[in-house]
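Keeping their order, the protein sequence lines are chains A and B. Heads up: the first sequence begins at 0 in numbering that gives the first Met the number 0, then just goes up one per residue. Heads up: the second sequence begins at 0 in numbering that gives the first Met the number 0, then just goes up one per residue.
Do not take every clue at face value.
[Said to hold, decoys possible] Calculated lysine-lysine pairs in the PhoX-like style (CA-CA distance at most 25 Å, straight line):
1. A:Lys229 - A:Lys36
2. A:Lys834 - B:Lys228
3. A:Lys652 - B:Lys25
4. A:Lys912 - A:Lys612
5. A:Lys593 - A:Lys921
6. A:Lys101 - B:Lys1
7. A:Lys150 - A:Lys36
8. B:Lys25 - A:Lys315
9. B:Lys2 - A:Lys652
10. B:Lys228 - A:Lys101
11. B:Lys228 - A:Lys779
12. A:Lys831 - B:Lys228
13. A:Lys779 - A:Lys831
14. A:Lys10 - B:Lys172
15. A:Lys907 - A:Lys831
16. A:Lys315 - A:Lys652
17. A:Lys940 - A:Lys912
18. A:Lys315 - B:Lys228
19. A:Lys10 - A:Lys36
20. A:Lys17 - A:Lys150
21. A:Lys652 - B:Lys228
Calculated directly from the structure, the hints in this document are not laboratory data.
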Amino acid sequence: MMIQEVRVITKAGIPDSKGEEVRYEISHALGINTVQKVRTARVFRFEGIGASDAALLAERLLAESIFQDFSVNSPVINDAAIVLEVAYKPGVMNPEAASIMKSAADLGVAGLLAADSSWEYGFYGENITGEDIERITSSLLVNATVEYVVKEKPKTLIIQGRPGRTEVIPVRRMSDPELIELSRDKLFLNLEEMQVIKEYFQRIGRDPTDCEIETIAQTWSEHCGHKTFKARLIVDGKEKTPLLQRLKKATEESKHPLVLSAFVDNSGVMEFYDGQAICGKVETHNSPSAIEPYGGAMTGSGGVFRDIVGTGRGAKTLASTDMFCFARPDTPDEDIPAGCLHPHYLLRRVVAGVRDYGNRMGIPTNNGSVHFHRDFRAKPSVIVGAYGILPAELCRKGRPRAGDLVIALGGRTGRDGIHGATFSSGEMTDRTIDVNSSAVQIGHPIEEKRTFDAILIARDEGLIRAITDCGAGGFASAVGEMGAAVGARVALDRAPLKYPGLSPWEIMESESQERMVLAVAPEHAGRLMEICRGYNVEATVLGEFTGDKCFSATYEGQVVMNLEMEFLHNGLPQRVMEAAWRPARFAEPQAVPKADWEDLFCRVMGHLNVCSKEPIVRLYDHGVQGTSALPPFSGINGDGPNDAAIMAPILGKPYGMVISHGLNPVLNMIDPYHGSLWAAAEAVSNAIASGVNPRDLVLMDNFIWPFPDEELLGALDLAVDACVDFVRGTGMPFISGKDSLSSTYRGKDGTVIKIPPILCISAFGRIPDVSRTVSADFKKTGAQIVLAGYRNTAEMAGSVYYDLLGYIGNNLPKLSPTALMQVFEAVYGAVKSGKVLACHDISEGGAAAALAEMCFGGDMGVQIIIPEDESAESFLFNETAGCFLAEIPAGSKPTDIFGGIPCQVIGKTTDSKVIAAEQSGKTLFETRLDRLKAAWRQPMKEVFRQ
Amino acid sequence: MKKPRVCVLRTDGINCDEEIFYAFAKAGAESQMVHVNQLRSKEARLADYQILALPGGFSYGDDVHSGKVLAVELTSFLKEQLNEFVDSGKLMLGICNGFQVLVRTGLLPDQHLGNIEATLTANDSGHFECRWIRLLVEPSHCVFTRGMEGSLIEIQVAHGEGKFYADPSVIAKIKNGGQVVFRYAGADGRPTALYPANPNGSLNAIAGICDSTGRIMGMMPHPERYVEKTQHPNWRRMPGDTVPHGLAVFKNAVEYARQM
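Only chain A is shown next, with the shape it has when bound in the complex:
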């Protein structure tokens, strides 16, 4: 039977907001002015039903006659200059298809075999050129990784395929070049590791199957195996403790009383109140996001949420965070390396991915940041975090027992993300987009949401022995890790598939999203299945935990894998790596021109690393779950930014959870040790500014580094030392972390771009009573403004101010963890005393930017006095972390409130809506708030059309 097509369009005269959005991007992002109007239409296709049933679906489901028209098997946009249709490629799962099938069944339409949906665009304008359409298509509408322009009506919507046979790979006979060739683009292992595999199979007297060798490669990938962090490290000729061991040891030595689980589970867990525990995890998703930003960001969010529900014996997800690094959105096209996507497109699509996953799952995205630097043009950094809550008694990872069932829950398995773990560990090249296009997919948040709903019910009924998420490495990693101590056997043919045709090894390694793996005692399996049915969740018994300490798999009765867990998990040779950091020298600003203060201040506020990110935050549902007690923005006009997110996760209780983070890519280039201390200080300061006790905070690390050569490994070594020193100086432990060491781009022409090394530190913690916390917006006119904390204003390297002058500099802020702890304690004590009306920490843009933001929130001005012996520029724009601006009542003494730490009154709040500064009795500037605010809002407003 032929495919039926229904097209639905908004009636003429009623705004087509999607069409408007596309037209805006065509003119603003692409600079094409020949397109006067864009109309959009939905296209729905059905297989197995006739035209009358298609018309019924159009009337009852697809089109609403109040504002839409439809057509059956005929075009609906008839008057446009050009009409083109964009659809997901066959095999990329379209989440909408299942809903259409469901509604068709609900409406009594019988015989429907398959459905699909897509978008059609009509472009209006007499002078549109073929070249315009080509650019609009390739830069805006179609991501060739997952989408295509439909040129002819598909003959069928059903994907067919026959599974490939399991192949035996003759590694025992392979020469070194052959081993390298086998690894390239597929396994991403080095020669030494390939040789270990070869020797193992020589020893046991057979060759491996494709399933076995792929499973080993997944388990041994940098992504899963953290080879660099576990390597023997020779720094400047002297051996030092491996990086991961150093971090873990520092945590152990901190003996923090609130830590319940550190570095052993999918997320780190700390004690909360009333028998509850809170947990956090931060992940990177750079490689997939670089080639398909929407799908990549979605699967990043989806994956980190699964880490939360996969913690202990199941946690509820409370919050989502996102930290991004991109090149400037206005980067000229010719600056973008071959095989890379434009940052304007990347930024918008990554934000859309985070938005759609978090919003649809009902998880508030309430903390994050965006950073811009030219060297992210080859690969962005996309960091996503998630936080959760669970009963403290369930906070330890469960251990499967022999005889427990291996149960897969949630989404079906497809050819998605094959080689995701190995791929994210490889360097990005201009071949990446072609070779690894199967490594990304479009997430399905509703699938994940209902799976979580079912899991939390099963958890509360005590049905779960152990749980983990199916992330990088698919079943190979999830079942392999869960069964590491006992052994596991799975029947791969039992796994429900999205479409036929997957080979056994593909089922094993597939990284299809929204899947969880549970260990369940046989007597609980029936009840678990019942719960899942009630929540429309597919659950399948894949196999069992065996007790034989092997990881084996069958397919239609044939053994396709049988590996010893010992070799899989402990056979990977420890790498020996040499590290030596050589400090770079950067030019220092010379002969700085005399400041035009108003212009300078506006340029600082409009700097991409300072400007308001409100247009992004508004796209995220940051209020869902009703837990917010300190939102990303507050104040009179709702546009004053806060430093941390505070939530009251148990409705009706005063207990708070705080979330914050810090990162700075520029400082790490100058000095990875002090840059990393800055990141940690910034993360913690953001939490402290709202009134959190520093003893109630824990930390998480994310190292995002270029592929570590000797020098970059030296930088990494220093960054880890900074983390360790921070733990020792403050007592705050790291309880979870992740490294992603592949941010290097190599072009065909020999271009090498090393992405700036990033350490993102995330902090989270608890507060006994959210009503004892403060926001950053100024509250009262006539109040005193205090600057508290240690800073040497001459340390200006890496600042926004230097960047505006065109320099980086060398003298960066150098922090002392013990001194920082004094400040943290003092600021916490000050807020606790109730005498602090508002508090904001100083970061990018310095005290000036912090002051302006506090003024925006309070809709009032300030009058400040700059000390005579200070350079006004340094006083205003120094970015030393661990310094705070606080509003205290007129007449109170700062030293009474802040104790012995350095604190000075720098001015007062006024009702003038002007920021005025004077030095030595002379007015430096009087700048109107609305001018500053306009400059501050402009960059993201432009990108996000708000």
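Starting from the structure of chain A, add chain B where the hints point.
Below, chain B alone, put in the same frame as chain A:
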């Protein structure tokens, strides 16, 4: 006193269920989470409840149209139960996605189950938006806003498809019939068509409506997100005795249900 029973409807993608559950509990009701599958299988019956709450979220991913797939399911399988529930004088509240569902079932504006007379379509801005807005409570028949008429309240919107749209004749009927419950208001307290105070471009600034009996109400903004003082972004700037603006909606419902 016996607590009224609230059925909080869940299904794939509903995600504001816990806060609506809590809001009703705080207002004095006894709530239960009920999955639509339980209603379909008769394991649970609407008749056992006095209030049906349709929470926000993205039911079935908001595929095709927001709330559409759930609306089709309700009209296909639960028509009788829903009609009986309405006819027996009980209350229905749809918030955000729940409002979209009520409109797409035809229960709003006029209890014409299966016949759609109004719609909620994509925001004029073209994007999802989460922000606190001001609402003017209109004089109406609505049971949920008794005693609130004429006041201005602040609550949060969080949606991408919230533009209330209908033919002029339907809008006039809703207006004249006292069925407009909430309108988006500007800083001056007057209804506004201007973004962002009117976050979606709703005709007549309509943010919420009720049926002609006042017992079925749907609204895009989220009163269940403001039943505790500290949920407001500026609670630190407000007097300590401020009553959260969303709570009255739930208290009114519970009070009415008690008299049943």
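A quick look at each hint next to the structure:
In summary, the hint linking lysine 229 of chain A to lysine 36 of chain A is not supported, as the alpha carbons are separated by about 57 Å, beyond the 25 Å threshold. A C-alpha spacing of about 21 Å is found between lysine 834 of chain A and lysine 228 of chain B, which places the hinted pair at or below 25 Å, so the restraint holds. Between lysine 652 of chain A and lysine 25 of chain B, the direct Cα distance comes to roughly 12 Å. Compliance with the 25 Å bound is thereby established for this hinted pair. In summary, the hint linking lysine 912 of chain A to lysine 612 of chain A is supported, as the alpha carbons are separated by about 22 Å, within the 25 Å threshold.
Using a Cα cut-off of 25 Å, the hinted pair lysine 593 of chain A and lysine 921 of chain A holds, with the two alpha carbons roughly 15 Å apart. Taken as a hint, the lysine 101 of chain A and lysine 1 of chain B pair is broken in the structure, with Cα atoms around 39 Å apart against an allowance of 25 Å. Between the alpha carbons of lysine 150 of chain A and lysine 36 of chain A the distance comes to roughly 22 Å, so the proposed pair stays at or under 25 Å and holds. With a C-alpha separation of about 22 Å, the suggested pairing of lysine 25 of chain B with lysine 315 of chain A holds against the 25 Å cut-off.
Distance check on the hinted pair: lysine 2 of chain B and lysine 652 of chain A sit about 22 Å apart at the alpha-carbon level, within 25 Å; holds. About 41 Å separates the Cα atoms of lysine 228 of chain B and lysine 101 of chain A, which puts this hinted pair outside 25 Å; it is violated. Pair hint lysine 228 of chain B plus lysine 779 of chain A holds up; C-alpha atoms about 21 Å apart against a cutoff of 25 Å. A hinted pair counts as satisfied when its Cα atoms are at most 25 Å apart, and lysine 831 of chain A with lysine 228 of chain B qualifies at roughly 19 Å.
For a cut-off of 25 Å, the pair hint linking lysine 779 of chain A to lysine 831 of chain A stands: about 19 Å separates their Cα positions. With a CA separation close to 22 Å, the supplied pair lysine 10 of chain A and lysine 172 of chain B stays within the 25 Å bound. Note on lysine 907 of chain A and lysine 831 of chain A: the hinted pairing holds, with a Cα-Cα distance of about 22 Å set against a maximum of 25 Å. Taken as a hint, the lysine 315 of chain A and lysine 652 of chain A pair is honoured in the structure, with Cα atoms around 17 Å apart against an allowance of 25 Å.
Simply put, lysine 940 of chain A and lysine 912 of chain A have alpha-carbon atoms about 22 Å apart, close enough for the 25 Å limit, and the pair holds. Restraint check for lysine 315 of chain A and lysine 228 of chain B: the C-alpha separation of about 24 Å stays at or below 25 Å, so the hint holds. Between the alpha carbons of lysine 10 of chain A and lysine 36 of chain A the distance comes to roughly 15 Å, so the proposed pair stays at or under 25 Å and holds. Distance restraint check for lysine 17 of chain A and lysine 150 of chain A: the Cα-Cα separation of roughly 22 Å lies within the 25 Å cut-off, and the hinted pair is therefore satisfied.
Distance restraint check for lysine 652 of chain A and lysine 228 of chain B: the Cα-Cα separation of roughly 12 Å lies within the 25 Å cut-off, and the hinted pair is therefore satisfied.
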